[in-house]
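Novice: So you can see what is in the structure, the chains are spelled out below.
Number of protein chains: 2
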Amino acid sequence: MPISGFPEWLPAQRQIEQFFLDRIRTTFELYGFASIETRAVEPLDTLLSKGETSKEVYLLRRLQEDPGAPASDDQLGLHFDLTVPFARYVLENAGKLQFPFRRYQIQKVWRGERPQEGRYREFIQADIDVVNRDSLPFHFDTEMPLIIGDALGGLPIPRVRIQVNNRKVCEGFYRGLGLADTDQVLRTVDKLDKIGPARVAEQLVETAGATRAQADACLELAAISSEDASFVDAVRKLGVTDPLLDEGLDELVQVVEAAREHAPGLVTAELKIARGLDYYTGTVYETQLEGYERFGSITSGGRYENLASAGNQRFPGVGISIGVSRLLGLLFGQNALTASRPVPTCVVVALPADERRAECDRIAGQLRKRGIPTEVAPTAAKFGKQIKFADQRGIPYVWFPGADGEPDSVKDIRSGDQADADAATWSPPDADRHPVISAA
Amino acid sequence: MPISGFPEWLPAQRQIEQFFLDRIRTTFELYGFASIETRAVEPLDTLLSKGETSKEVYLLRRLQEDPGAPASDDQLGLHFDLTVPFARYVLENAGKLQFPFRRYQIQKVWRGERPQEGRYREFIQADIDVVNRDSLPFHFDTEMPLIIGDALGGLPIPRVRIQVNNRKVCEGFYRGLGLADTDQVLRTVDKLDKIGPARVAEQLVETAGATRAQADACLELAAISSEDASFVDAVRKLGVTDPLLDEGLDELVQVVEAAREHAPGLVTAELKIARGLDYYTGTVYETQLEGYERFGSITSGGRYENLASAGNQRFPGVGISIGVSRLLGLLFGQNALTASRPVPTCVVVALPADERRAECDRIAGQLRKRGIPTEVAPTAAKFGKQIKFADQRGIPYVWFPGADGEPDSVKDIRSGDQADADAATWSPPDADRHPVISAA
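Keeping their order, the protein sequence lines are chains A and B. Position in the first sequence counted from 1, then plus 25, gives you this note's numbering. Position in the second sequence counted from 1, then plus 25, gives you this note's numbering.
Everything labelled a hint here was simulated from the structure, so no lab data went into it. A portion of the hints provided could be inaccurate.
Chain copies aren't distinguished; within one or between two, either way the pair holds.
[Stated by the list, open to error] Derived pair list, reagent style EDC-like, types lysine to aspartate or glutamate, alpha-carbon separation capped at 20 Å: (1) LYS410 to ASP379; (2) LYS133 to GLU90; (3) LYS407 to GLU384; (4) LYS121 to ASP218; (5) LYS413 to ASP70; (6) LYS394 to ASP47; (7) LYS394 to GLU227; (8) LYS394 to GLU286; (9) LYS219 to GLU117; (10) LYS121 to ASP416; (11) LYS394 to ASP241; (12) LYS216 to GLU286; (13) LYS407 to ASP442; (14) LYS407 to GLU315; (15) LYS121 to GLU33; (16) LYS407 to GLU252; (17) LYS410 to ASP271; (18) LYS413 to GLU245; (19) LYS413 to ASP437; (20) LYS121 to GLU252; (21) LYS121 to ASP241.
Keep in mind the model is a prediction, meaning the values are calculated, not measured.
Required output: the full structure, derived from the provided sequences and hints.
Specialist: As C-alpha cells, then:
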C-alpha cells in the first residue's frame, strides 16, 4: 500500500541512489566539507521564521497526547529543507565551530505538498554551505557551481547546466530604472516561465507601478543569457545605471569566468533566474537537466547575508542543494538508469551438501576478508540450480568447493569460463567487484 | 536550543558516526545484504498491529489540517523500528524480490519516550534481516551473530559479547515443567535483571500459576550460561523433558558452535535472555558492551515466523539490529572516541596573494583529482597565519605555491618537515589521507 508522495525504491534502484549519494559525498569531502546531520524536527517558530515559505509543515504529536491541543510555537514539526536547520545549528554551536565553516548535509526532508511527478512529500537533499562570522568573501560564490559540476559530472545522467544570476543585478537594474518596489518586480518576473512575458508585463504595470516602457526593460533584462561575460555588454546596452547593478554584474562575471576555466559549458549567466525564497541577497543558482527542463530545477541555492543571525552575531553564507530524490525520480520514471545487479554479492559459494556448510562458510570468509562480497548458497542443490540462483540475481561468479582434495574452482557464469582457484588469493576483475551503475 | 532526546553531533562526532556507519554497511554488503530504505511514515494501524509494543508513536498532521481531528487507522505516524516497515515492504513487493531476501537498512527511527541516558527519541538503527517464502533454513540464525561480530569487531570500541537464547528452550522447558501460560512465565522471567530472582519467583507463583518448585526451576534455567555447548548438560540436569525443548537446545547449540569457530568468545548462550517483543519465535539475540552493561543491549533481534504474512503468504525471517546512536551516545558520554581531525581536508593550499587564487584553485583541483581532500585558504595571508588555519582544524599539510618559476612545496605542520612537491604526483601517506577514528 504505497503512500502518495513517499517514494520507496526496489533494491536495484536503491543501489543506484546509494551510488549517487556516495559520489556526491565523496566530491563534497574532496572540497573539504565536513558532514553534519541535524535532528528531523524543529520548533514551529523556527520553521516559520525564515521568509515567506509556503512549504506545508508536518507537525508531530505523540499518540497519547490530547489531539485537540492547538499548534503552539514550541510544537515540533519536520524540517522542510536543510538550510533553516543549518542556520539554527550554526547559531547554537557557534562557539564550537571553526569559521569559515564548510559543511555538507545529506538528509531527508518533508513537505506536506500535493504530490505530482518529480515532487515528493519525503525526499533526500544534499546540501553544501559555507558560512563565516560577520562577512564571507565573494570567491566562495564562484566555488559552489564547480563543486556541483564535479559531483553531478561523474554520474551517468544527462548533461547539467547551472544557471546563475545575481539579485543585485536585478534590484540595481529595477532601481536604476526608477522602480521602487524591487521585491514585487522580482516576484513578478520570477513567473516568466509559468505565465509568459505578456502577462508578466501586464502584472508589472498593475502591481509594481511600472510604466509599459519600464516593464519592457525588465523583460529585456530577463531575456539576457550568455556562457561568458558578454551578458555585461547586453545589460549596458539597455542604458540603465546603478551602483548595485555594477556590483552585481562584477560578481556575476566572476562566477561565470571561474566556471569557464573549470568546466566549459557548465554555467550560464541567465538573468531571468530569481529563486522564490526571499532570504537570498546576491548570487542565485538553479540547474537544468538536459531533456528534463520542463520539470524545473534539480539543484538550487544562493548567497544569504542574514539567514543565520541573532543579536549582534551574524553568519552570512552561500550554499547550494541537490534534490537527489527529485533527480532520481525523474530518471527512474524514464528508466534511464541501470545497475548491473540488484545485490552487492560478487560470488556465490555453491553448497555441494549440507554437511559441507562449515567448509563453504570458511571459503566465503576468506573472500570477504579481501573485500569480495560473498554469499553461501542457501541450500544444498545440484550445481545447475546454484548457477540459476546466481543468474537470477546477476551475481557474476559461482565458487565450487573441490571434493576429496581437488582444488576449488570458480565459474564466470556470463562467459561460462571455469578455472581452478584458491580463496586465499583469487580476486575478481575490479569492474566485477561491486555493481556497476550506468545509463540505460 | 537543543531538544531533549533529539541528539545532534558536532562535526568531529559526526565524522565518527559516519565511520561507524560506513564500517557497518561495508560488512553487511560483504555478506551480500542489499540496501533498502523505507519511508519514515506508516499508517497507524500498521504501526500498532505487531504485538504489544509500548513504543510511543509520533503522529503527523499537516499544519493546515484540522487539529481536532481524532487519530484514525490510516493516519500516518513515524516508524519506531525498521522491522515492522520491512515486513510491510516485503509483502508489498514480494513479486519483485528474490528470495531468500537479504536486506540491510540503516535509518533513523522515532519514539516519543521519556529521554534518559543512552535513550533517544530520534536515533539511527542498522538492521539486517533475511526472509524467505514459506520457510527459512535455520542456518541463517547462526550467521547473524557472526556478521554483527565482524561489523562491530573492527570498530575502536570495547569488546562486545552477543548473548543468545532460544524461545523454544524456554517455552519447551516451562511446558515440560507443567506450566501452561508460557508467555506469562517468559514475560516475568524477562524482568530478572530489573527486579531480581526473589521477586520474579513471587510473581511466577502469583501470576503464572507456578508452584514454588516450578518457579525455582525457571530461575535455575535462567541462571544457565556457557560459551560452548555445555549449557545443554546443565539444562538436562534439571530433569525436564519436552520435544520443543529438545528442538530449541539443538538450534541453540548450532548458533554457539558456529560462533565458536568464527570468533571465539563472541557469543554466549545466556538462558535468561527473552526479548520483550512477542513476535520472536526461536533464536533471540542481545549484545552487551564491556563496561557499559548497565545500559542494556546495544544490538538485538531474533527469529520471527509470522511477522510478514498476509492471507496464505508467509515470509519467516531472522534479523538483528544495531542501535548505532545508542552505542555512540554511550561512548561519546565517556569521551571514549576521537577523530584525528574534525574536517575531511588533508591539504590546505596557502594563498600568497588574492591575484593568485586561480593558480591555487588549479593546484587544489590537481590534488582532488587524485582523491586528496583539499581546500584553498579562504583569504590571502602571511604563511604563519595559514599554518595556524590548518593547525586549528588538525589539517596535516599546507601547500605553498612556488613564486617566479620556483617549485611548489608542501609542509607537514606536525613535524615541520617541508619539501618540494608537484601537485600532479605528490600524495600523502595513506594514514593521513582521511581522518583516523580511534579509541580515546
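Novice: Taking the earlier hints as the rules, which of them does this structure contradict?
Specialist: 2, 4, 5, 7, 9, 11, 12, 14, 16, 17, 18, 20, 21
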